[in-house]
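Chemist: Read off the chains here:
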Amino acid sequence: ILNVEQSPQSLHVQEGDSTNFTCSFPSSNFYALHWYRWETAKSPEALFVMTLNGDEKKKGRISATLNTKEGYSYLYIKGSQPEDSATYLCAFLSPDTGNQFYFGTGTSLTVIP
Amino acid sequence: NAGVTQTPKFRILKIGQSMTLQCAQDMNHNYMYWYRQDPGMGLKLIYYSVGAGITDKGEVPNGYNVSRSTTEDFPLRLELAAPSQTSVYFCASSTAPPAYRYFGPGTRLTVT
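Protein sequence lines, in the order shown, are assigned to chains A and B. Residue numbering for the first sequence follows the numbering used here, beginning at 1 and increasing consecutively. Residue numbering for the second sequence follows the numbering used here, beginning at 1 and increasing consecutively.
The hints are simulated quantities; they were obtained by calculation from the structure and are not laboratory data. Errors might be hidden in some of the hints.
As the list claims (entries may be wrong) - To be clear about the criterion: a stretch of chain A counts as covered by chain B if any three or more of its residues have a C-beta under 8 Å from a C-beta of chain B, and this derived list gives those stretches:
{"no.": "1", "region": "18-31"}
{"no.": "2", "region": "57-66"}
{"no.": "3", "region": "78-87"}
To be verified - For lysine-lysine, the following DSSO-like pairs were computed, each having C-alpha atoms within a straight-line distance of at most 27 Å:
{"no.": "4", "chain 1": "B", "residue 1": "LYS44", "chain 2": "A", "residue 2": "LYS69"}
{"no.": "5", "chain 1": "B", "residue 1": "LYS9", "chain 2": "B", "residue 2": "LYS44"}
{"no.": "6", "chain 1": "B", "residue 1": "LYS9", "chain 2": "A", "residue 2": "LYS78"}
{"no.": "7", "chain 1": "B", "residue 1": "LYS57", "chain 2": "A", "residue 2": "LYS42"}
We treat Cβ as the ideally placed atom computed from N, Cα and C, and that holds for glycine.
With these hints in hand, go ahead and build the complete structure from the sequences.
Modeler: Printed below as a string of structure tokens:
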């Protein structure tokens, strides 16, 4: 079993603030990392698939970076809006895990209007 | 496309009862998965399938069984339900890794 850790566990920000959170994973035998956005009472929706060290992905105000050598990925949200309130999950895949993505427990973001 | 569908949305079972959670996808994905999500825990993989007729255990398979007779359907069977199986169950599908998962809406199961 691999450890995928996300921090912080929860976050409250004011509307308009920019924020970021971290996903940490084993730095050996990296294959891929996913970021998902999970709104309450809905199912997770994919944000990014990251596969290469140094990857930077962007979708609107949300972006992500990847450092496979040190084993972390950052998710950034610029100018947070109330509709960004959700839990953000990362999931890590290694050749050691076959088809199993290991999910972190998520960062719960609340954007206060 | 309906994507990934799951039935039922909610279910209450008594200890010892059995049931099948249904999952279907219309995206012609070979890979399908069952996860459970408990409060404060990440999604845990129960079983997965890489194609019709092929299934394999995930991280937490005990107390569950699956079958995959068609590309579209991947039912999850609970035998002899226990309170520890109270959880929210998500079915997902994807193309080959590292493609991301498409998740269904979830089934909330309570065993009392």
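Chemist: Closer than 8 Å, Cβ to Cβ, for at least three residues: run that test on the region 18-31 of chain A against chain B and report holds or violated.
Modeler: violated (count 1)
Chemist: Checking one constraint from the list: CA of B:LYS9 to CA of B:LYS44, max 27 Å. Satisfied?
Modeler: Status holds; Cα separation ~19 Å.
Chemist: With a C-beta cutoff of 8 Å, work out whether three or more residues of the region 78-87 of chain A approach chain B closely enough for the coverage to hold.
Modeler: violated (count 0)
Chemist: With a Cβ-Cβ cutoff of 8 Å, does the region 57-66 of chain A contain at least three residues near chain B?
Modeler: Coverage by chain B is violated for the region 57-66 of chain A (0 residues, Cβ < 8 Å).
Chemist: Quickly compare the C-alpha distance for B:LYS57 and A:LYS42 to 27 Å and report which way the hint goes.
Modeler: holds (26 Å)
Chemist: B:LYS9 and A:LYS78 were given as a pair; does the straight-line alpha-carbon distance stay at or below 27 Å?
Modeler: Roughly 35 Å between the alpha carbons, so the hint for B:LYS9 and A:LYS78 is violated.
Chemist: Between B:LYS44 and A:LYS69, is the straight-line Cα distance small enough, at 27 Å or below?
Modeler: Distance ~26 Å between B:LYS44 and A:LYS69 Cα, so the pair holds.
In summary, the structure is inconsistent with hints 1, 2, 3 and 6 from the numbered list given earlier, while agreeing with the others.
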